[in-house]
Amino acid sequence: MKKNRTSLYRESFIPIRKYLLVMKLTFIFILFGLMSFASTTYSQSTKLTFELRNSTIETVFKQIEALSEYKFAYNSTKLDVDKKISLKIENQTIDAILDKILGSANFHYQIVDRYIIITDENSQALNTLELSQSGIKVTGKVSDNSGGALPGVSVVVKGTTNGTITDADGTYSLMNVRENSVLQFSFVGMKTQEINVGKNSSINVTLLEESIGIEEVVAVGYGVQKKTSVTGAISSVNGKDISQVPVASLQSAIQGKVTGVTVVNNGAPGTNPIVRVRGNGSISYSADPLYIVDGVAATDISNFSSNDIESIEILKDASSTAVYGSRAANGVVLITTKRGKKDGQIHINVDSYAGVQSVAKTLDLLNTEQYIKYGTALNTNAGLAVPSRFSKMSDPIYAGATQTYAQTNTNWQDELFRNAKINDNNISFSTGSEKSIYYASAGYFDQDGVMVGTSYKRGSFRFNSEHEVSKRIKFGQTLMYSVSDRDNQKETQGRTNLMHAIRSIPYLPVMDPTKEGGYRAANSGSDGTDPDNPIKVEKLFESTTSSSKLYGTLYLEFKIADYLRFKTTAGLDYTNILNKVHQPIYNDGFNANTSASVSKETFQNTTKTFTNQLTFDKTFGNHYLNVIAVQEQTAYSTNAMYITGRLSTNAVQELTGLSNINANGSLQENLLLSYLGRINYEYKNKYLLSVSMRADGSSKFAPGNKWGSFPSASLGWRVTEEPFLKNVSSISELKLRAGYGELGNNAIGNYDWQAVMLANTDYIFNNATAGGTHFNALANRNLKWESSKMTNVGVDFGMFDNKFTFTAEWFNKITDNLILAVPYPRSIGYFAAAYANIGKMKNYGMEFQVGYRLNGRELKSNLSANISIVRNKVLNLSNETATIDAGFNQDYGAYNMTRTVIGQPIQSFYGWQTDGIFQSAAEVAAGPKQSSAAPGDIRFKDLSGPNGNPDGIIDSYDRTFLGSYLPKFTYGFNYSGSYKRFDFTAFFQGVYGNKIYNGTKVLTEGMLRLFNAGTAVMNAWTPTNADTDIPRAVSGDPNQNARTSDRFIESGSYLRLKALTVGYTIPMSNWTKGNVSSIRIYGSGQNLFTITKYTGYDPEVGAYIPQSNGAPGTAGGNGSTSGLLNNGIDYGLMPSSRTILCGIQIKF
Amino acid sequence: MNIIMKKIHIKVFLLLILTSSLVSCDFNLDKVNPNSVTIENFYQNEGDLTSAVNSVYAVLQDQRLVSREWFFVHDLRGDDMATGGGQLETPRYQLLIGTNDPANSVASDVWSGCYAVIHRANVVIEKAPGVASIADAKRGQLVGEAKFLRGWAYFELVSLWGGVPLYTEYVKDLAGSKARATVDEVYASIISNLQDAIAGLPASYSGSDTGRATKGAAQALLARVYMQKGDYALAKPLLKSIIDSKQYKLVANYNDNFLEETEYNAESIFEVGFMDSNAAFSWGYNNGDGLGQETTVHNQEISPISWGNLIPSQKLLEEYESTDVAGNTKTDPRYKFSFYEVGDEVASGPLTLASFNIASSSVRGGAAKKVGWRKHTILYKNVASYYPSGNNERIIRYAEVLLMMAECQNETGDSEADVLATLNQLRDRASVSMPHYPTANYPTASKDARFKAIAHEKRVELAGEEIRNRDILRWRKQGKLAILGGDPITYFAANKFELLPLPQTEIDNNVNVGKGAQNPGY
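Protein chains in written order, with my numbering: chain A, 1 to 1148; chain B, 1149 to 1670.
No incorrect hints appear here.
27 Å max Cα-Cα, derived DSSO-like pairs, lysine-lysine:
id: 1; chain 1: A; residue 1: 608; chain 2: B; residue 2: 1179
id: 2; chain 1: B; residue 1: 1663; chain 2: A; residue 2: 840
id: 3; chain 1: B; residue 1: 1663; chain 2: A; residue 2: 941
id: 4; chain 1: B; residue 1: 1644; chain 2: A; residue 2: 941
id: 5; chain 1: A; residue 1: 706; chain 2: B; residue 2: 1179
id: 6; chain 1: A; residue 1: 929; chain 2: B; residue 2: 1644
id: 7; chain 1: A; residue 1: 47; chain 2: A; residue 2: 684
id: 8; chain 1: A; residue 1: 373; chain 2: B; residue 2: 1517
id: 9; chain 1: A; residue 1: 471; chain 2: A; residue 2: 71
id: 10; chain 1: A; residue 1: 929; chain 2: B; residue 2: 1663
id: 11; chain 1: B; residue 1: 1529; chain 2: A; residue 2: 515
id: 12; chain 1: A; residue 1: 392; chain 2: B; residue 2: 1517
id: 13; chain 1: B; residue 1: 1663; chain 2: A; residue 2: 873
id: 14; chain 1: A; residue 1: 191; chain 2: A; residue 2: 62
To give a feel for the contact side, a few chain A residues facing chain B, derived at Cβ under 8 Å:
id: 15; residue: 385
id: 16; residue: 528
id: 17; residue: 591
id: 18; residue: 592
id: 19; residue: 646
id: 20; residue: 667
id: 21; residue: 699
id: 22; residue: 755
id: 23; residue: 756
id: 24; residue: 768
id: 25; residue: 770
id: 26; residue: 773
id: 27; residue: 827
id: 28; residue: 834
id: 29; residue: 895
I should point out that these hints are in silico values taken from the structure, not numbers from a laboratory.
None of these values were measured; they are calculated from a predicted model.
Where is the CB? At the ideal position from N, CA and C, for every residue including glycine.
All chains, full assembly: derive it from the sequences and hints.
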């Protein structure tokens, strides 16, 4: 037997004598040459599994047609379709199947896209069919929707064997057509149309494109599902979209692309962005979604290369995520990595880009001259002496220097920021045969931070394969190994370097060769101030994180029957992390280390997952049933070790010869046991039902509370499958769906229910340490899962073959039993709070996504827009008046900036309201009493008092809610298109209606005490400069003008051109042909512009997480910021950088 | 079965083994924290109970208390201190100028620290009777230490905040928080704690126990407590008992009370131990559990070449007798022991004006001059601009006992001679050798005149030692500040500044305290 695929073309018509066509098609006429382009993909990507015993070949063909989109055409007189065969097909391509069926017979088969033509050896030259039936002659022209002629369209009289195909001009002519018969026009990639002939002898037809996405398959957790059958809220981003716009992390790749997911980039290279699916679902714990990579939970996805990603699915509603039970409350992100293809060919892809990043905006700070003026006013107004340096500005900046202080004008921001490189190189290799498929890749990513002293490098390697051991047994594996090195953003005194840069004095040099270590800092005596030198902090101090990750899965699948599979999967996620901090001996004139400090900290994180899954999958007539039963266990452990000590030399930076050694370590373990069942049922592909139940048992909870159950149910109705809509050709998709489910969150500590003794404190008796043991928190044996109940209603709508699509979702998520650190009075004497299931919170909202697709011959365009609305409200805390305050920081006004109370959104900004500036002593006396207020100070509003009424005194009772960091809505627009060989992507992303607490403004305009400041302070109030909104400059801020107030609350709305990419695919010249299959070059810009009213560095403000490895030996201890309830406070966080890059993608 | 199939089956078998060996099947959901002992398994023997008592002391080292915020709260509310410049951080500056409110972090931290002492002491006191293998005397001593520390903490609280929630057992669930007790109830509890401590504690320790609370410490503290209540007659016998014990004496060199090398000397009655850790300090709030907190930043905060955040107030400098002022025959040597000026000798040689890291100037001899603290600094041996030190903080020393005694004697009607006999012991210290009272500037004929002399001597002797704040509170309450020339706190307003405001977190989250329970004026 011989097979032939796309190389078989015939310019002439295929004459048919008597072909029997299965299904409704009678004849298929195919002009192979025009269609060959589409064929390879489907025939290679579609794999079938079925088993038939003692069936006719015709039955086999029908089965194939039922399982796939293939349609058969053959001559029943030549091919014995009644011949009985037995056949077992398991996940095989059509080629392999046809080879089996036709193996011994002397037949050709030709696959042209979805059409399979079977011919015998002798029927190559068929003649035009001539029939002597009576009827009219019908002629016409077939065109596409842009008016272009469509050659090769098959035109068949329905129910007969009478047919033809259109010629090069798109015209056809058909004889002997009976009146009132129906003409069927079909063409690959176009939607088949049926036209009643009536008495017309001329029928012109416009064929519409068939939606490409209509049979897309999406990962749904423990399986895949046709997109059309999905009843939950699932958003997909495919690998092509991810690779189109280069990004440093997987999370960034989904930013703005889909509804219901907010991604906020956070800080330095190699740090994870903050991802929230449908709002912030937890108060005490990070509301990160669960990441599942190739079916197995991953603890951290920063080590994965985005080039290896086949697709990312985000499960947003409870009916989709409930299969992940107790870890699913904050959404689930399913990541599928690439596999090889069974096409027998070797594919090599090289993907490489390089670019430069820079800071888009810096603040206007005082220069030396302005600083002297400002500093003089600030101190003089407070009755303080002016720093002695001010009168000695003509001194050299250090002994022996020719430059004087007056001549020095250091721009500390310019010193701190730089143009930084970003570079990514990847190569992948994939191949496959009937038995095995392989995918291998290697990548190297190298990014310098825009802040000096920060960088991230990652090398990764992947090998995925799958093998058919026998007809019933298949096994496969994925394996990723990656190593990364991060030069961390450092900080001292609990203060970010951006803060130090803002506050550093312009007349001081960065470097000073007379100082040990070479860096220079302010001297609080002669300079009257003490910011740390940020360049010293970044360059002289070392803080690195090296990690290596081994992430692999191994699976084995037994086919028990055609409809029943058993799969067992083992997954290992092993991460080894080494943090190293070294601070040498130095003296910058203010801060000094008399001995070097060095510390090393290691973590070995291991997650072992073991899953056994039974899948039943069968179609009975109109009924489709998919049932899974899963048993799973996930064991997690962390081994931690920490050693720190002092060294008397800078020559050695390792843990040798240490004095003052401190060492500790711990072991953390937990185990999750799970049982899961799910039923998906479809009737006529029209009524969809999904029901699931998961039971999770976790070691994190006390006996009696270990087990939780998480049910879900959802329904879908594909209205377009109903008779009344089926013939409305303009509506291609209308699906209504609704779901409900219950989810859990078990992010709590591994042993939180157990009260234990802490043996880690000591005291000094007679100059020697004596160990102390105590307990510091109340244990709560009643701790149970945080549970969420979520309802989701959605509609999917498509028109004109899904050229236009629209999806709308509404959801309501009530999170109950929120585990909160019970806001406790300090008088009970515990330093750490007890945790209890006391909170209740609601997240609700809507999401809309519209898409428009235009596929012309030369111009192709895809437009999509999305908007997500989430509202948050705290419904319950430990008691009616309980407050959870956060954000305290001495440098930012010394008040907590957010408050979480019942009835308000989580962590709302909380502070005073300003009411202008006191212009005179009379106004001060007349206004509400503000101790220490003077003319030029800010008047605050008297809103309340101890009895709930304004009491004429400005105090902490007058604080009120000042807005939320949560946007009213977030949105994105995405345009991607191509014209001839050019392709374009423009991606806008924005948020609207959120507030930012602009901490950088506290630094630039707060005037708490003498530091460098923003140029705005030159406009500070004085009796002669009364028309200003900047209060008087007075050191010590006696009126607390810089207290937390609406003065520093700014709109956080922004619209940003997140990415703009232009690519060009180079035409293949003769010499490249055969060697290279395509080369695309592109240029891309990220964060090219931002429209915002925010006056800080960057409105994309993440959460500040203080560095635990801050500098011992320097000052600090300024706040209790934990990073959880501090979202939207700009403490001087690293801004998103602007990136310009160019890249090349080569396919061999 | 042919050979190929057999091979395949072997492969599958191997695969199965590999798969299952990756995850050892573990179905045990009962995981016990491997990093700690449970509460139920602790408090078994002498070692456990000693360790539990040590954890009470450990809170003293926390930066909420003696290593940082405790000395700030007292210094800033007294009149011994002024700001060294604009670098004094906002919540501290607010305390200094009286603009602090219930959210003030320095005061809130001292509050939390005191209650942590109380909680841990309560645990010891409650668990001690159940400890099986321990001698009764040892048990009594350990409980005595816990009661001493509990009494110390409550005295801090009652003297700074007034009637505070009173816990005599440790809190077992969150509903166990208490309402404010009355001032009298808190004092009654303190007195009972210290009486028990006096009964249980030994007169002294040796070796590695040096530094534990002694009977003398409990007596001195109880004397302070009685005096603060105005019960001078009750304080006097306690002080007499300390003096008569001959356990303590004034050391010849005044400065030995502030040096790291002369810790636990004969004058020291109770001190908080610190140890040099190469400038390491646990900045940030490590819950008092960190291993690193063995140092104090007292040196760092006030040393004139370090941060110089606080300097002596002008009034304090002027309190010292000086031959510049008519009637004084000698300049008090304690001035030089307490403060640094340009030219004073430190470890690196004479201090230069350039080395002063403080912006503010004082007036000396009619001219502006930089003056910074010497007491509590370690410049005598270490001139690093950054150095949290290991210098112990002397909480009670014998000089204070004598000064308290003199005041009690004066208040209870002892003769001028008796009062002066006590008071002049301080002037007789070898390194001080000041002329005896009465002097031209300090006549002692009347009770009030003697009070003025005692107040002067106490202020000079104990300058910057966190005593003055409470003295002002006491004397104000007893209407004695007029004798000293009026209220020394410039911002003072009645019905407000007698007490600190209760921390806002306590008002918000202690349902038994509630909104209306704030101190007046806040």
